[in-house]
Each structure stands twice: as structure tokens, then as C-alpha cells.
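All chains, please: the whole structure from these sequences, using the hints.
Under our numbering, think of the first position of the sequence shown as 90, with each following residue one higher.
Zero decoy hints are in this set.
In the DMTMM-like style, the derived pairs of lysine to aspartate or glutamate whose C-alpha atoms are separated by at most 20 Å in a straight line are: (1) Lys490 <-> Glu465; (2) Lys334 <-> Asp323; (3) Lys400 <-> Asp435.
For the record, the hints were derived by calculation from the structure and aren't laboratory data.
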Amino acid sequence: MPVDLAVLGLGRLGLPAARAATAAGIGTVGYDPDQDTVTELGAGRPPADGGLSAAEVRRMLSAGFRATRDPAVLGRVRTALICAPTPPGEDGAPDLDAVRAAALALGERLRPRTTVVVESAVRPGGTEEYVAPLLERASGLRAGHDFHLACAPPRLDPGNRAYGYANTPRVIGGLTPACTEAAAAFYGRLTEKVVRARGLREAEMTAVLETNFRHVNIALVNEMAVLCHDLGVDLWDVLRCAETKPFGFLPFRPGPGVGGHGLPVDPARLDRGERTSDCPLRLVGAALEANARMPGYVAHRAATLLNEHGKSARGARVLLLGVTYKADLADRTGSPAPEIARRLLDLGARIGYHDPHVPHWEVAGRPVPRADSLYESAAAADLTLLLQHHRVYDLQSLSAKAQLLLDTRGASPAGAAHRL
Numbered sequence: 090m091p092v093d094l095a096v097l098g099l100g101r102l103g104l105p106a107a108r109a110a111t112a113a114g115i116g117t118v119g120y121d122p123d124q125d126t127v128t129e130l131g132a133g134r135p136p137a138d139g140g141l142s143a144a145e146v147r148r149m150l151s152a153g154f155r156a157t158r159d160p161a162v163l164g165r166v167r168t169a170l171i172c173a174p175t176p177p178g179e180d181g182a183p184d185l186d187a188v189r190a191a192a193l194a195l196g197e198r199l200r201p202r203t204t205v206v207v208e209s210a211v212r213p214g215g216t217e218e219y220v221a222p223l224l225e226r227a228s229g230l231r232a233g234h235d236f237h238l239a240c241a242p243p244r245l246d247p248g249n250r251a252y253g254y255a256n257t258p259r260v261i262g263g264l265t266p267a268c269t270e271a272a273a274a275f276y277g278r279l280t281e282k283v284v285r286a287r288g289l290r291e292a293e294m295t296a297v298l299e300t301n302f303r304h305v306n307i308a309l310v311n312e313m314a315v316l317c318h319d320l321g322v323d324l325w326d327v328l329r330c331a332e333t334k335p336f337g338f339l340p341f342r343p344g345p346g347v348g349g350h351g352l353p354v355d356p357a358r359l360d361r362g363e364r365t366s367d368c369p370l371r372l373v374g375a376a377l378e379a380n381a382r383m384p385g386y387v388a389h390r391a392a393t394l395l396n397e398h399g400k401s402a403r404g405a406r407v408l409l410l411g412v413t414y415k416a417d418l419a420d421r422t423g424s425p426a427p428e429i430a431r432r433l434l435d436l437g438a439r440i441g442y443h444d445p446h447v448p449h450w451e452v453a454g455r456p457v458p459r460a461d462s463l464y465e466s467a468a469a470a471d472l473t474l475l476l477q478h479h480r481v482y483d484l485q486s487l488s489a490k491a492q493l494l495l496d497t498r499g500a501s502p503a504g505a506a507h508r509l
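So, in C-alpha cells, the structure goes:
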């Protein structure tokens, strides 16, 4: 198949984009500097954070997709998507090293009239002030003049059965109106609806708003969970009633932490010290603090529950169920499970875990024993702590087997377990 598209970065952003393009009949090549990633994909095995199944990867390969770490392929495409990962750095801001490497690899081979789209999460201004100069210096071409440059912030919800790549509207913002139209024309082949932002910064800021919205609302229900427990109120019944309101309310659920890849913007800075705001996002700062307290609160609730039943946390056998950040996925990015496990270990508890998607798990460099038999292990544990509700967990049966069950997701039937 002739190659028209290059996807740079074959992780949670790049693989779904490559799959959508391949399904649309677009000749697609995936570029990733990691040899293990390339080898595994070539064998039909997706990475854990790729969001695709092995069957989906095999269908991509049969349709002509191929993965490579040879940057020479980047000079033979008309569209390039930069989907490099941006994990949090030491200062909490996205680490752009992989974006830099991808931009330089592409820039050295960039041809005139190519459309370049940044899907990687960057702060507002990042595409124009960080990515564009890298491409221009490496290529000798001018963004917005010799090649099109746009931003399409990520809007994926892995595991969501209702909204996937095709039916989730995609926000596009370009350096110039022509850049916006070039990118919109490409994404129009992949998605049902394209939303044109006024420019790059508006598109980038859309992702910031969406991420902050999620964190602030999760923080609100997390604080409500603590308050309701202190007052002896059933939070889950409150949520059931509140979500019947047809206007002015959106249902969010509390939990042991937030998790995921989306990072809320630092309340005092939008870039790495390059731009500060006179109006810090105080609500976001408060939300960060509220959500960061939840792993400690869960560990405290676990210890209190043990004490209420005549057991000490020291020496208690605690079984953690579900250590990924989201149900039915293997991705552990941002999962609160490691911190909860560390806090329980500090209290002297003996922990084990069960997760159908995680065959091996370490906390603080120490391997955590994995339960082979779920129900037998729950029956033997002094406390079973549900951190993530995978579909395979029958909570009615688990509540009957477990000595104590603390459900942080509100997934168990009322009265069947202690709930957050």
C-alpha cells in the first residue's frame, strides 16, 4: 500500500490514530524509536498502553500498516501526526523530550506542502513556540508558509464503548486558516465531525479546560464522599438521586484517586516558567490537593475498618483488587494503587493483589504477591480492598466470600460491602 501518513509515536495516542487511518484506507506507517515497540507490533502484539487488542493490530497489519524505527520513511508522506508521549516531568509539567525527538526526526526529512499535526499533549503555545521552531530549524522550511502546522489535542477515552475515534468530535486549530483547513480535511476522513478552533492556542486550551473540568469535578465528589461518611450519609444514594436532575448537573464518581494521562494545568504556570498568569487557577490547585489526599484517606479507612472488627493493620492480610487506572484496561498510568499499597505497607500490613490485566506488579521496588485464586484469596484476607472494578469481578460473590470488603468504586450492591 502506498504510504500517505506517518504516525510518530506508537502508544496510546498513535496506535488508535493509525488504526483509524488504516481502516479509512489511508496508507499508514508508524514510526517509533523504540525497537521493542516496533518488534512487538510487527508480531501483532500491542503495547499495554496502546489501547488496542492483538486482533485489531493484526487487522491493521493485514491492511498494510507497518511499524518501523527507520526515520527515512518520514520523508515520503503528505501528512504526519506527532503522537509522542508527554509523561509528567519532575516539575509536574509534561516532559517534551519525546516530542522534541519526533519533531527533529521529522524536520530533517520534511517536504514542502506536508501537513504536520501535533496530537501530543502540550501547554497552550507549545505547538507554535516549541514544536514549530524545531521543525523549521531542522528543515529550513517555514511553518504556515512552506508546510501546514496544526494541533489536534487528544480526546480519547480508552475502553469507552459508546464513543470511539470515529464518533468523537475532533477539535482542530492551525497556525493559519489554511493550516486549519488542511488538518480538518485530513481528520474529516477519520471522524464524523471536525470542530475548527480559532487557532493553535484555542485548540490547546480546549484540552486544558476539559482536563481541569474532570479533575475539579472528581475532587468535588471525593470531598463529598469524605463528608458523607463522617455524617453517616449514603453518598451513593445521594448521587443516584442527584443524577436524575435533567439540567445543571453532570454525574461524576468518587474513587481512590484520579489516574490517567491527562494532567491538570499547574495553577500558577501555563508553560515551563516561560509564561505566568496573574489569575492562577485556584480551583484547580484545590482540586489537585483534594484528589492527592484520597490514597491516604483510603488507607486510613482500611485501617479503621480493620480496627472496628477487632484487627490491627499491622500484620493484617490485605488483598487489593484492580491496580490499573481504569476498568478493563492494562494501563497503570497515574493509578493510585501504588501509593495506597505503600501506605498500607507502612502500617505493617501484608498485601497481595489481583488484577486480570497485570500479571506482575511491584511497589517501591518490591514484587507484590499475585493471587492465583480470587475467591480463595479474598476469603483468606483480613480485608479485600476494591480499587478498580474490572468486569470479571462478581462483587455479590466477593462480598459473600470476603471477611471484609471495602469498595472504593461504589460498584457493590447496597449493603453488600463497606463503600467509600
